[in-house]
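Participant: Listed below, chain by chain, are the residues.
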Amino acid sequence: MSGYEACAEGALAAGCGFLGYTPIQPSFGIVRRFITRCAETGATFVQMEDEISSLAAVLGAVWTGRKALTVTSGQGFAQMMEHIGLGVMLETPCVIVNVMHDGASEGIPSMPGGGDVMQARWGSHGDYEIIALAPNSPQEMFDLTVEAFSLSERYRTPVVILFDPVLGRMKDSVNIPEAAKIRVEKRKYYKGPKDGYLPYKYDEKDLIPSMVDISQGYRFHVTGLTHDEKGYPVMNDECQEWNVHRLVNKIRLFADKIVRMEEKYLEEADVAVVSYGVVSRDALTAVEAARKEGIKAGYFRLQTVWPFPEKRIAEIAAGIKRFVVPEINFGQISLEVERCSRGRAGVDAVYHAAREVGKPGSILKAIQKTNK
Amino acid sequence: MDKILEALSKGIEKSGIGRKRVCLVTDILYDPEVLETLKIDLFHTSRGRTIPFATGMKLANPKLKPVVIMGDMATLGGNHFVHACRRNMDLLVICANHFVYRRVEGESASGDYDTVSYSPYLLFENPLNIPHIARSCGSVYTARWTALHTDELTRSISHGLKKKGLSVIDVISPPAELLDFYYRHSEIRNGEDTIHTGIEEEKKIIVGEFLERERPTFIESYNRQLEEVLGDQFVKIEV
Chain G
1 MSGYEACAEG
11 ALAAGCGFLG
21 YTPIQPSFGI
31 VRRFITRCAE
41 TGATFVQMED
51 EISSLAAVLG
61 AVWTGRKALT
71 VTSGQGFAQM
81 MEHIGLGVML
91 ETPCVIVNVM
101 HDGASEGIPS
111 MPGGGDVMQA
121 RWGSHGDYEI
131 IALAPNSPQE
141 MFDLTVEAFS
151 LSERYRTPVV
161 ILFDPVLGRM
171 KDSVNIPEAA
181 KIRVEKRKYY
191 KGPKDGYLPY
201 KYDEKDLIPS
211 MVDISQGYRF
221 HVTGLTHDEK
231 GYPVMNDECQ
241 EWNVHRLVNK
251 IRLFADKIVR
261 MEEKYLEEAD
271 VAVVSYGVVS
281 RDALTAVEAA
291 RKEGIKAGYF
301 RLQTVWPFPE
311 KRIAEIAAGI
321 KRFVVPEINF
331 GQISLEVERC
341 SRGRAGVDAV
351 YHAAREVGKP
361 GSILKAIQKT
371 NK
Chain B
1 MDKILEALSK
11 GIEKSGIGRK
21 RVCLVTDILY
31 DPEVLETLKI
41 DLFHTSRGRT
51 IPFATGMKLA
61 NPKLKPVVIM
71 GDMATLGGNH
81 FVHACRRNMD
91 LLVICANHFV
101 YRRVEGESAS
111 GDYDTVSYSP
121 YLLFENPLNI
131 PHIARSCGSV
141 YTARWTALHT
151 DELTRSISHG
161 LKKKGLSVID
171 VISPPAELLD
181 FYYRHSEIRN
191 GEDTIHTGIE
201 EEKKIIVGEF
211 LERERPTFIE
221 SYNRQLEEVL
231 GDQFVKIEV
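Sequences listed follow chains G and B, in order. Read in order, the letters of the first sequence are residues 1 to 372 in my numbering. Read in order, the letters of the second sequence are residues 1 to 239 in my numbering.
No lab work stands behind these hints, which were simulated from the structure alone. Certain hints may be false.
Restricting the straight-line Cα-Cα distance to at most 16 Å, the calculated cross-link-like pairs of lysine to aspartate or glutamate (EDC-like) are [stated by the list, open to error]:
id	chain 1	residue 1	chain 2	residue 2
1	B	Lys163	B	Glu212
2	G	Lys230	B	Asp31
3	B	Lys39	G	Asp195
Modelling step: build the complete structure from the supplied sequences, incorporating the hints.
Facilitator: What follows is the structure, given as structure tokens:
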């Protein structure tokens, strides 16, 4: 099946029961698969008037107890930024799929892009942390979509999946395990007396508060404003720190558990190629070609773009001469690699143009500079 | 207590639909201690985006009757209002109408903490004719009252909660010191054609129940269409 289809299947396998979307290409392959399966799965879908409302509807749906998904691309993702912040603040688990096309603005919708990775991290205003995953094959589209739902439930946060139309259209066999073998974290529900529920009273161990569903008689109040454990707005510094620092820490302090990466040939490497998404396929080809030429090249792939694997990049930096960071942009993740390597290794950002996807040439050339 | 919230509380009671089925989604900053007296689940969300939030809730749990209280829809979120009417989404939308951010010194009717006027030169833009937009876009019940028409407002809220589809109640809710002024300058004309319900200077504000009709709700249309295409395979959304 295609990457788009695998993504929709992953969402359904994870128990997603609601899709809010606004048609925008190149993301429609996911919508089509999801809604053609609604009879069997009992999932509900709605085509909203814009992406602001698509994500708002998703957030509303989640509070009824469902798992929910929205899919978009480019401009649609830009429209969702405000509600990513609301999702973070209300601690509403949900999954946002962004099919990155070449931009900025309207850009070239049919061409793969990589320009939204920083937007996924910093796009909404204010201070927050986010989780973003970047699959690189149809199989991973399935696996990481399931994982995205699992992480969103575990950390009570929106999770972003970033990929591009080349991966979306890519066809491959996808192994879908039996339903009983698919593990998704369960939502953490409050189990105490009805009149004792405090929506943002959290557990010191994991920093996560318990949820309840609407209409169960808990009579709770939640707000996008800075709030106390009752969910009441409190406009002072102390509450801002109590509220927002925990939102940051509940992901930052658990980053080691969240981060997923793939490594190859990094022992005794002189140069490490750091990549993600569709570009990582060309990166691996380039690394293997360079190794045949006798260059000690290693391969590092981000499956989790955010949180960024800071510690691992710092460790790798200590043992190599330079990083090569190919992206379909003019330098985004390369800046993170530079920050984390703290000057221990050089960083070459390589612009891997959309037309070069499938051709490892530019990456190989950059690797070859190591021995010069 | 805010007049709209007071009417909402009485309206829920009068409707008999049960407080468990009702939840409030609003972008207006009410005092949560006051909201708590409603004894329902409460969501204070992003400004102007209350209708889509409530739409998601309704579709994911069709037994709910979400109530939206929104500020002046003339600006943020007007598009969501238009499309909720078009879909005939099963919600009750109450517009706390301040005539486009027209606030003056003193507590505003919504209980907003912000007491500074956004319009130091007073108002020169035209307010929207909300009942007319609601009607032309597809809502099934439309009324307008001032915040001091408490009994009428309570009745309309009760009716809107029981009515299937999108009900819209435009509530003229200026700052407290002007409530009486607008009440006195209103005229009840039930059944008035909404083409005549625009708010104009030097003219009476027309209030009343303007529209009552039946149209298939979004969920009814969804069920009908998917059943037609998918046949017995499709499991209907139970309301």
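Participant: Look at each hint and say if it fits the structure.
Facilitator: Verification of the hints:
1. Lys163/B <-> Glu212/B: Holds - the C-alpha atoms of glutamate 212/B and lysine 163/B are around 10 Å apart, at most 16 Å.
2. Lys230/G <-> Asp31/B: Measuring from Cα to Cα gives roughly 13 Å; hence the hint holds.
3. Lys39/B <-> Asp195/G: holds (11 Å)
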